[in-house]
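Novice: Next come the chains, spelled out residue by residue.
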Amino acid sequence: MTLQTGSILLVEDNIDDIDLTLMAFKRNNIENQVIVAKSGEQALEILHGDGSEKAPLPSVVLMDINMPGMSGIEALKHIRSHPRTRALPVVILTSSKEDQDIIEGYGNGANSYIRKPVNFNEFVNAVKQLGMYWLLLNEPLP
Amino acid sequence: MQFNYRRLLNPFTITIFYLVIGGLWIQFSDDWLERITDDLVYLNQLQTYKGWFFVLITGGLLYFLISKHKKYVAESSFKIRESEKNFEHIFFFNPFPMVVLDSESDKILLRNKSFISTFSGGKRTEGILLSDILSEQSLPEVLKGLNTQTSNTTLGTFQALTNDHSTLIVEISAFQFSLDAQTTRLLIFNDVTVETKNREKVIELTQNLEKLIQERTVELRNINSELEAFSYSVSHDLRAPLRAIDGFSLAVIDEFGKTLDPIARNYLDRVRSASTKMSELIDDMTRLSKISRTNVEIKDINMTEICQQITAEQRAIWGDKNYTITIHDRDRIRTDSGLLRILLFNLISNAFKYSSRTENPSIEIGQTDDKTHPEFFVRDNGVGIDMQYADKIFKPFQRLHETADYPGTDVGLATVQRIINKLSGKIRIESKKGNGTTFYFNLNNDHI
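Chains A and B supply the protein sequences, listed in that same order. Residues 1 to 142 (my numbering) are what the first sequence spells out, left to right. Residues 1001 to 1448 (my numbering) are what the second sequence spells out, left to right.
Quick caveat, the hints were computed from the structure, so don't treat them as lab data. Worth double-checking, as some hints may not be accurate.
[Stated by the list, open to error] Quick list of in silico lysine-lysine cross-link-like pairs, DSBU-like style, CA-CA up to 30 angstroms:
(1) B/Lys1211 - B/Lys1299
(2) A/Lys26 - A/Lys97
(3) B/Lys1068 - B/Lys1085
(4) A/Lys54 - A/Lys97
(5) A/Lys26 - B/Lys1277
(6) B/Lys1277 - A/Lys97
(7) B/Lys1079 - B/Lys1113
(8) B/Lys1258 - A/Lys26
(9) B/Lys1085 - B/Lys1050
(10) A/Lys77 - A/Lys97
(11) B/Lys1290 - B/Lys1426
(12) B/Lys1211 - B/Lys1197
(13) A/Lys97 - B/Lys1299
(14) B/Lys1392 - B/Lys1433
(15) B/Lys1258 - A/Lys128
(16) B/Lys1144 - B/Lys1277
(17) A/Lys97 - B/Lys1395
(18) A/Lys97 - A/Lys38
(19) A/Lys38 - A/Lys54
(20) B/Lys1422 - B/Lys1392
(21) B/Lys1068 - A/Lys97
(22) A/Lys54 - A/Lys77
(23) B/Lys1277 - B/Lys1258
(24) B/Lys1144 - B/Lys1197
(25) B/Lys1277 - A/Lys128
(26) A/Lys77 - B/Lys1290
(27) B/Lys1433 - B/Lys1277
(28) A/Lys97 - B/Lys1079
(29) B/Lys1211 - B/Lys1422
(30) B/Lys1321 - B/Lys1432
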């Protein structure tokens, strides 16, 4: 799957959370391309694509923390250490509100840290604001 | 100052005195006699009397001096015998084993009873050496100590062999003194075996205890990290399925709502509100477990300001009710800011909640007048509780009122109790059913 300009990379292993997030995008009429990576490793594969420097990057990466294999924090470290993705906006979107996770998230260069609300209405609202900010308001990397 | 006539009674002065008096007598007595008479026969007779008189006086003096000296010698020798007896008593019957050592060698000259009954070599009558009773390692150290230490001193602790072939730990002290005009040394043996063994035992016990504490600490640390992992899992992993329950229920309502029976819709609503409640519970429980893991950081805190902030927030939440709020001004307090805030939040929000159904709800926050045991209090005029259940309310999930009337997760006061424990404080409740509640608390870290 190739990334288009203005796309969103959702890194999430839980199938329910994937569907709910996609549902939330749909409810907010966000029609940008959403690419789903089910693990940190897969996310890095998608970001580095065929290795060409020209391949487009997503506007924002929505990253879960707790995933089997490479964790969200590990994936974030890789993203920040690679010249091509060093400045890519990464938003941590997780269930955890542990101080440790928040500190590690920001410490490793996350642009934002959002805790997924349990109440779906609140979640839809959070996704709406995320979309508004990162897809419309915020200028993506050239 | 009293004249000391004894100083005149030394042999030299007595002789000088005698020579002077005798010389003067010889020189002048004949002159005086010649002045009395010219009769040679009578003079001759007087001179004989004079000779007798002189002999009589010197004889008397001689008698006086000799008897005086004899008495003096008798007194002195009595004193010597007394002090010898005392020495014998102190030495021979002393409970500490003692010996008098030869000045040149390690030969033992005198032993007291205690020594004879305790130490090896005691049964032999003569020719006993220090080496007979000291262990091989100890002997050179003692001898070295005796040779280098000139003043009276404790030489240290050494091993000595007893009659029954066991080893004692003794502290040896050496004292120089003269005996029969020779400088000898008195050695005192103080048995410190029991003390030493006890000290060793105490050290061993302490070490064991430290080891035990270390082991327990590691154990506790493991349990703690397991608990941490558990609470992390609870707060994180339990939320994901809840989100799915709520999200998909809402999706069913939104997408198939039209075809749904009203009863089915109601059930779905209840599924959703249950999932919200559970997520709140998870959050509260996580917060509760976090308090125990918080590091307390004592700082100067403006308590009044915190109370004002919390009451302002609560007023906004209960906007439709008209609360009367009194906050008595309070100087600064020294405690952990984060924990104090959570503590006050729980007490104040409870006060708001449980007086929300009262006609003129009023809340008072302040400090008691008691100077020796001052307490802070949060008072409301709300629903109150039956005091016989008072001890239940500080435990999690205990509630005394209907959830429908006073919603909540029932973790608030358990959290309060945990903070109070963490800050080494005390909390108590005074309440009457239907007549308001006052929570009193103090914090050990607080400086009044």
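Novice: If a hint holds in the structure, say so; if it doesn't, say that too.
Specialist: Structure-based check of all given hints:
1. B/Lys1211 - B/Lys1299: violated (35 angstroms)
2. A/Lys26 - A/Lys97: holds (26 angstroms)
3. B/Lys1068 - B/Lys1085: Roughly 26 angstroms between the alpha carbons, so the hint for B/Lys1068 and B/Lys1085 holds.
4. A/Lys54 - A/Lys97: Outside the cut-off at roughly 37 angstroms; violated.
5. A/Lys26 - B/Lys1277: Measuring from Cα to Cα gives roughly 27 angstroms; hence the hint holds.
6. B/Lys1277 - A/Lys97: holds (18 angstroms)
7. B/Lys1079 - B/Lys1113: Distance of about 25 angstroms is within 30 angstroms: holds.
8. B/Lys1258 - A/Lys26: With a Cα-Cα distance of about 20 angstroms, the restraint between B/Lys1258 and A/Lys26 holds, given a limit of 30 angstroms.
9. B/Lys1085 - B/Lys1050: Answer violated: B/Lys1085 to B/Lys1050 is near 52 angstroms, above 30 angstroms.
10. A/Lys77 - A/Lys97: holds (20 angstroms)
11. B/Lys1290 - B/Lys1426: Holds, at roughly 20 angstroms.
12. B/Lys1211 - B/Lys1197: Holds, at roughly 21 angstroms.
13. A/Lys97 - B/Lys1299: Holds - the C-alpha atoms of B/Lys1299 and A/Lys97 are around 26 angstroms apart, at most 30 angstroms.
14. B/Lys1392 - B/Lys1433: holds (15 angstroms)
15. B/Lys1258 - A/Lys128: With a Cα-Cα distance of about 25 angstroms, the restraint between B/Lys1258 and A/Lys128 holds, given a limit of 30 angstroms.
16. B/Lys1144 - B/Lys1277: Given that 30 angstroms is the threshold and the Cα spacing comes to 84 angstroms, the pair is violated.
17. A/Lys97 - B/Lys1395: Judged against 30 angstroms, a Cα distance of about 25 angstroms means the pair holds.
18. A/Lys97 - A/Lys38: holds (22 angstroms)
19. A/Lys38 - A/Lys54: Holds, at about 24 angstroms.
20. B/Lys1422 - B/Lys1392: holds (19 angstroms)
21. B/Lys1068 - A/Lys97: Not satisfied, since the Cα-Cα distance of roughly 110 angstroms exceeds 30 angstroms.
22. A/Lys54 - A/Lys77: At roughly 22 angstroms apart (the allowed maximum being 30 angstroms), A/Lys77 and A/Lys54 satisfy the hint.
23. B/Lys1277 - B/Lys1258: holds (27 angstroms)
24. B/Lys1144 - B/Lys1197: holds (26 angstroms)
25. B/Lys1277 - A/Lys128: holds (24 angstroms)
26. A/Lys77 - B/Lys1290: Roughly 28 angstroms separates the two Cα atoms, so the pair holds.
27. B/Lys1433 - B/Lys1277: holds (27 angstroms)
28. A/Lys97 - B/Lys1079: Judged against 30 angstroms, a Cα distance of about 95 angstroms means the pair is violated.
29. B/Lys1211 - B/Lys1422: holds (26 angstroms)
30. B/Lys1321 - B/Lys1432: holds (23 angstroms)
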